[in-house]
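Chemist: One-letter residues, chain by chain:
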Amino acid sequence: MSAHSSSTASPLKGYFAVFFALLVGTGITVYAATLDLGRFNAAVALGIATVKATLVTLFFMHVWHASEKLTKLVVIAALFFLLLLLGLTMSDYATRLWS
Amino acid sequence: MPDSTLVGLHHEEEHHPELLHHFADAQQQRDASSLGMWVFLATEIMFFGGLFCAYLVYRRWYFGDFAAASKSINMALGATNTAVLICSSLTVVLAVWAAQTARRALLIGSLAITMLLGLTFLGIKGIEYKDKFVEHHVPGASFSFENEPIPGHPGQFANPRHAQMFFSLYFVMTGLHALHMIIGLGIFLWLFVMAWKGRFTPEWHTPVEIGGLYWHFVDIVWIYLFPLLYLIDRHP
Chain X
-4 MSAHSSSTAS PLKGYFAVFF ALLVGTGITV YAATLDLGRF NAAVALGIAT
46 VKATLVTLFF MHVWHASEKL TKLVVIAALF FLLLLLGLTM SDYATRLWS
Chain G
10 MPDSTLVGLH HEEEHHPELL HHFADAQQQR DASSLGMWVF LATEIMFFGG
60 LFCAYLVYRR WYFGDFAAAS KSINMALGAT NTAVLICSSL TVVLAVWAAQ
110 TARRALLIGS LAITMLLGLT FLGIKGIEYK DKFVEHHVPG ASFSFENEPI
160 PGHPGQFANP RHAQMFFSLY FVMTGLHALH MIIGLGIFLW LFVMAWKGRF
210 TPEWHTPVEI GGLYWHFVDI VWIYLFPLLY LIDRHP
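Protein chains in written order, with my numbering: chain X, -4 to 94; chain G, 10 to 245.
Since no wrong hints were added, every one of them can be taken at face value.
Some but not every residue of chain X turned toward chain G, in silico, with C-beta under 8 Å:
hint, residue
1, Tyr10
2, Leu17
3, Thr29
4, Ala40
5, Lys47
6, Met56
7, Ser62
8, Tyr88
Lysine to aspartate or glutamate pairs mimicking EDC-like chemistry, simulated, CA-CA at most 16 Å apart:
hint, chain 1, residue 1, chain 2, residue 2
9, X, Lys67, G, Asp40
10, G, Lys80, G, Glu155
11, G, Lys80, X, Asp31
These aren't lab readings, by the way, just hints derived from the structure by calculation. Since this is a predicted model, take the numbers as computed values, not measurements. Beta carbons are placed, not taken as given, at the ideal position from N, Cα and C, and that holds for glycine.
The whole structure should be built from the sequences, with the hints applied where relevant.
Modeler: Structure representation (structure tokens):
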């Protein structure tokens, strides 16, 4: 697929493919929650959610085809600071009971 | 002073009426708008990020109580709402494509269906909230969560104070998300009116793109809220 602004190549196929992938991902999330995966239940749920969020960001929000590189930089910077917030906080709380 | 030199370079007749003076071309203008929206969304990510962070800390501390409280929420309604939002994200992306390719009927229809799906989401959310009020699961003076078993630990019951923490986060996070949905509905109503008046063209439809980015962001927040709040420890 070429740039989304091109009038010749229709991006509709890609949009519907992402749409079905998101629905299937939701189905798998609900199904996986009913299985006893021990501590991996949360990892599976968050993993699928991250795949879904990435699909929405790249294809529905057109970051993949963004002509402006700064847009990609802002997305990556936002994720970096979010992970910094979550990562540093949780590394503190997860290690408080170490003796 | 530089006016006299610049006047000769200025070709007013080549300007598209929607192209502002300080942009080289329409593409640059569109990129600037979407970049601005992304910077706003970055602040929104940090806004919700603080709540997700608080959620993670308390979930680690009170895992069993959170699992018991999570089990009391209607999973089918949450899953339905996830599907409703995914459908609305599809109609939003169709609306943007329709604006790019000058398909007026598809644009107006997609915007209308998006609003209907948004209202459906809020309606289902309202049913869910009503259940919580009836069950006295709303944090406050009448909160009650007695003798609720902790999943996977027979004979153990959730601490109501810890469960109340879960419901506080549940209401703040879904409430803030619902507020974003309401604002999104306002934006889409305005887009709908603009589209009805025929204001959007393949050359200029920036509001549709920008509004679409906002709607998709709200969808992404829900993609994380659903497993975190509804599916903590559901296996039998």
